[in-house]
Each structure stands twice: as structure tokens, then as C-alpha cells.
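Just so you know, the protein sequences line up as chains E and L, in that order. Quick note on the working numbering: the first sequence kicks off at 4 and runs consecutively. Quick note on the working numbering: the second sequence kicks off at 40 and runs consecutively.
Any given hint could be a false lead.
To be verified - From the derived model, a few chain E residues whose C-beta atoms are all more than 12 Å from chain L: (1) Ser-15; (2) Pro-17; (3) Ala-20; (4) Asn-56.
Unchecked claim - Distance windows between CB atoms, simulated: (5) L:Thr-121 x E:Tyr-42: 25 to 33 Å; (6) L:Lys-80 x E:Ser-29: 21 to 29 Å; (7) L:Leu-115 x E:Glu-8: 31 to 39 Å; (8) L:Glu-98 x E:Leu-49: 15 to 23 Å; (9) E:Glu-18 x L:Asn-109: 25 to 33 Å; (10) E:Gln-73 x L:Glu-143: 16 to 24 Å; (11) L:Glu-102 x E:Ala-20: 39 to 47 Å; (12) L:Lys-53 x E:Asp-61: 40 to 48 Å; (13) L:Lys-80 x E:Gly-57: 16 to 24 Å.
Because the hints were derived from the structure by calculation, they are not lab data. Yeah, the Cβ is synthetic: ideal placement off N, Cα and C, and Gly gets one too.
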Amino acid sequence: QKEVEQNSGPLSVPEGAIASLNCTYSDRGSQSFFWYRQYSGKSPELIMFIYSNGDKEDGRFTAQLNKASQYVSLLIRDSQPSDSATYLCAVIKAGNMLTFGGGTRLMVKP
Amino acid sequence: GAVVSQHPSWVICKSGTSVKIECRSLDFQATTMFWYRQFPKQSLMLMATSNEGSKATYEQGVEKDKFLINHASLTLSTLTVTSAHPEDSSFYICSALTSGGADEQFFGPGTRLTVL
Numbered sequence: 004q005k006e007v008e009q010n011s012g013p014l015s016v017p018e019g020a021i022a023s024l025n026c027t028y029s030d031r032g033s034q035s036f037f038w039y040r041q042y043s044g045k046s047p048e049l050i051m052f053i054y055s056n057g058d059k060e061d062g063r064f065t066a067q068l069n070k071a072s073q074y075v076s077l078l079i080r081d082s083q084p085s086d087s088a089t090y091l092c093a094v095i096k097a098g099n100m101l102t103f104g105g106g107t108r109l110m111v112k113p
Numbered sequence: 040g041a042v043v044s045q046h047p048s049w050v051i052c053k054s055g056t057s058v059k060i061e062c063r064s065l066d067f068q069a070t071t072m073f074w075y076r077q078f079p080k081q082s083l084m085l086m087a088t089s090n091e092g093s094k095a096t097y098e099q100g101v102e103k104d105k106f107l108i109n110h111a112s113l114t115l116s117t118l119t120v121t122s123a124h125p126e127d128s129s130f131y132i133c134s135a136l137t138s139g140g141a142d143e144q145f146f147g148p149g150t151r152l153t154v155l
């Protein structure tokens, strides 16, 4: 079992819709969770991080964490074509090391 | 956010040569830097953790004698790919952790290495 798992996609949504990206992790002791966006050929950029169960909102983005189910998700409201990218879920391990999931490719169609 | 630079941004070299990649934190001090490698259509894989003034910690399966890491100062870490071969062609990305130990990592723009 991979430490962090994501559906590779592509996930295709129409412009203006809500995109829902999901991630599961295997280490029940994980405490910190991150969502990164990566455009092709570029390095990842941090979108959000979440530590506590529940929802955390930042603009059009909402991160949701359910530690009991070992599940973290990212919702993107009013999706735009510029949101088309690969979204990486990451978990912090000891020593502040990030373990990344395989990423989900999102395509927002005009 | 904090700024991390990498140099060069891309490099093409012949098989057997060595390539050095620099990672700099421009506006903060980084006691810890990380080196990742990303093959096409795959996620980032951590190669090693680089701590200022000490030896790097390599992940399982990463050859420390092939991928030499030097973290000589709080703002600079270098990765040298020795005797590069075509299978080393990849996107190498560094990230830096602020000395305050924040969970946020700031990524460099990456270096595209192509070994002919």
C-alpha cells in the first residue's frame, strides 16, 4: 500500500463547476497535510495545508480532513481553465519530510 | 512566500560527465533542504535531506556516491550528479525549510537534466 494515494485522473470538469480531489494516507499518526498544484514542467506550489479535522477554506479552495477515515480532500469552487494542473497531496513525516501522492490531473474545460 | 532559486534551470550533458545543481534560499536561512526527483508523469520522489553542516540523509535506493549533496551554508545546498547516464535524466527540484522549523516547504523552480 502506498503511503499517500490519489486517483491519477484526469478529472474533467466544466468551467464554473466544483472540482473535488481526493487523497488517502496510510499512516494514522500523520498530522499535517498539504495540497500542491503543479503545472507541467514547473515545480509544485503550495495551495493549502490543514492540520485539524474538518474544513479549511481559502478563497475558492476548501481542504477537508477526516483523520478517522484517513482521508483528505480539496474542493475547488468556480473552477477556471487556469486551474487545470496536477494536484499533489502530501503528508509530513518525521523530520519535516514530505511524502507525495501520485497526483491527480485536473482539466477544466471552457 | 519565501523564494528559493535553482541553477541551472536546465542542462544537457554527455553521458559520463558530472553536473552540479545549486539550490539557494534567497530571503531566509534554511537549516534543512530537500532534494526531489520527478520523472515524466510521476510524482516527486524524495532523494535526500540536506542539513547545514552535516552529512545528507539519503532515501532508500538513492546512491549517495552518485548523488553528492553539500549544504555548506544556511542558504546554499548543491546536488552533484556524478558520471551521469541517460537514466538520470529527470526534473530535479529542491525545497527549503525555514530555520524556524515551519511545516511549509518552499520549492525551487526545478532543474531539467537531460543526459545524452
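Hints, verified against the model:
Remark: the non-interface label on Ser-15 of chain E is consistent with the geometry, its nearest Cβ contact in chain L lying 17 Å away (cut-off 12 Å). At the 12 Å boundary, the C-beta of Pro-17 of chain E stays outside the reach of chain L, the nearest C-beta of that chain being 24 Å off. Consistency note on Ala-20 of chain E: stated as away from chain L, and its beta-carbon is indeed over 12 Å from all of that chain's, at 25 Å minimum. Every CB of chain L is more than 12 Å from the CB of Asn-56 of chain E (nearest about 17 Å), matching its label as outside the interface.
Checked against the hint of 25 to 33 Å, the pair Thr-121 of chain L and Tyr-42 of chain E passes, with Cβ atoms roughly 31 Å apart. Here the CB-CB span from Lys-80 of chain L to Ser-29 of chain E is close to 23 Å, well matched to the stated 21 to 29 Å. The hinted range of 31 to 39 Å is satisfied by Leu-115 of chain L and Glu-8 of chain E, whose Cβ atoms lie roughly 35 Å apart. Between Glu-98 of chain L and Leu-49 of chain E, the C-beta spacing of about 22 Å keeps the proposed range 15 to 23 Å intact.
The supplied range of 25 to 33 Å is broken by Glu-18 of chain E and Asn-109 of chain L, whose beta-carbon atoms lie about 47 Å from each other. Against the hinted window of 16 to 24 Å, the Cβ-Cβ separation of Gln-73 of chain E and Glu-143 of chain L comes to about 22 Å, which satisfies the hint. Judged by the Cβ atoms, the range 39 to 47 Å given for Glu-102 of chain L and Ala-20 of chain E holds: they are separated by roughly 46 Å. Separated by about 46 Å at the C-beta atoms, Lys-53 of chain L and Asp-61 of chain E satisfy the suggested range of 40 to 48 Å.
Range check, Lys-80 of chain L to Gly-57 of chain E: about 33 Å between beta-carbon atoms, so the 16 to 24 Å window is missed.
Consistency with the previously given hints fails for numbers 9, 13, ordered from lowest to highest.
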